[in-house]
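Using the sequences provided together with the hints, build the complete structure.
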Amino acid sequence: MSFPIPMKSHRHLGPVVMVALILLSAVACNTESANRTATVAASGTPVTTITPAGNILMIDGDAVERVYVPDPRQPPLYALTDKRLYIWRNRQWEATPTVNENRAFLVDHNDPQRLFRGDHPPCQQSAQDDDIALEVSEDGGDTWRALPNGQNVRPMAIDPVFPNVLYGTDCALTISDNLGDTWRYFQPLYQHEIIDLDVVGERLLVLGISNSGQSQVRELRLASPDRPEISNVIIQVEGIACVEADVDRVIVGTRSGVQISLDGGETWAESRRGLESVTLPPDEDLVAPNNPLNVAEREFGVLTVAIDPSHSHRIFAGTVRGLYVSQDDGGTWDRYDEIASDTQVRDVQFAANGADLYVTTSDGVVTVPNP
Numbered sequence: 492m493s494f495p496i497p498m499k500s501h502r503h504l505g506p507v508v509m510v511a512l513i514l515l516s517a518v519a520c521n522t523e524s525a526n527r528t529a530t531v532a533a534s535g536t537p538v539t540t541i542t543p544a545g546n547i548l549m550i551d552g553d554a555v556e557r558v559y560v561p562d563p564r565q566p567p568l569y570a571l572t573d574k575r576l577y578i579w580r581n582r583q584w585e586a587t588p589t590v591n592e593n594r595a596f597l598v599d600h601n602d603p604q605r606l607f608r609g610d611h612p613p614c615q616q617s618a619q620d621d622d623i624a625l626e627v628s629e630d631g632g633d634t635w636r637a638l639p640n641g642q643n644v645r646p647m648a649i650d651p652v653f654p655n656v657l658y659g660t661d662c663a664l665t666i667s668d669n670l671g672d673t674w675r676y677f678q679p680l681y682q683h684e685i686i687d688l689d690v691v692g693e694r695l696l697v698l699g700i701s702n703s704g705q706s707q708v709r710e711l712r713l714a715s716p717d718r719p720e721i722s723n724v725i726i727q728v729e730g731i732a733c734v735e736a737d738v739d740r741v742i743v744g745t746r747s748g749v750q751i752s753l754d755g756g757e758t759w760a761e762s763r764r765g766l767e768s769v770t771l772p773p774d775e776d777l778v779a780p781n782n783p784l785n786v787a788e789r790e791f792g793v794l795t796v797a798i799d800p801s802h803s804h805r806i807f808a809g810t811v812r813g814l815y816v817s818q819d820d821g822g823t824w825d826r827y828d829e830i831a832s833d834t835q836v837r838d839v840q841f842a843a844n845g846a847d848l849y850v851t852t853s854d855g856v857v858t859v860p861n862p
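Plus 491 on top of the position in the sequence shown (first one is 1) and you've got the numbering used here.
Keep in mind that the hints were calculated from the coordinates and are not lab data. All the given hints hold, so there is nothing to weed out.
Here are the simulated distance ranges between beta carbons: (1) Thr673 x Asp630: 19 to 27 Å; (2) Asp622 x Gln678: 14 to 22 Å; (3) Val738 x Arg564: 14 to 22 Å.
Just so we're clear, the structure is a prediction, and the values are computed from it rather than from any experiment. Beta carbons are placed, not taken as given, at the ideal position from N, Cα and C, and that holds for glycine.
In structure tokens form, the structure reads like this:
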């Protein structure tokens, strides 16, 4: 997706369950959106460069937690710190009125000035929580409008073929065919919380995790995107997982390595050579029975996978300890030394026609050249 985005066709990743994805930071807006404030210019990085410096991106002294790249031919358009959302405009980062309240944030790649933000309460919680509004901005985060039928929906992806189709989750799967005005609700994975998804042609791959810590990926057919046909579970693994797909190739990152299918999920091969120090042998079990989503307390696992759009045989795996790259479709893996080996890698995005990588780590976003 993870967590995505594209980057990959679901432009996601949003974020997926934030606790489950190592508290991946999202963006929110000041609820007093009617009190529009003036846009303030802010100095910062990055600049448009073929070879980025490799440092944590900073804006006004604050580390960037996340960038959003609606057009992978260009540099990022939005950046999020722990304080607020910024937009790249007039050759500099400009602060928007949108403050960071840790809700999921999605950019419409068809209209990059259109943003969605929302979330849902914890799925396995019995106490009643306050509803969380789903909102849309049509002006790059300057003002927001509530979508009253989308309460407690976390926006995750916009269909790459049908521009009005929006995918989200309220723990189960939610789909809107009118950009969030109304929603249909589906339960493709019984007793599983939806944490990631990917759209590939007329296939929707939905990833969920159960309360006992078992992840499944199920295929849905999208002949009519607002009425998907639920198909087979194509893979089931122990622990939290992440998914990325490209035509008939499906890649799933797990705690024990990377699973790769070249036939749309019919058959699978495990890819672990070079990942031994950061993944767990399949027959070992370190998942805490009462806390299966807490990857941060584990020392092993692949947290995100990404297929290089400009080099289809190159795959990246973000792990609990550094970034790894495979140049041979996952046959072997090497650590990419430009990213520190003591940091968790939660997302990889491509920009500048694939020349630059924007790597979301536990310390912030790092820019490095694509090897």
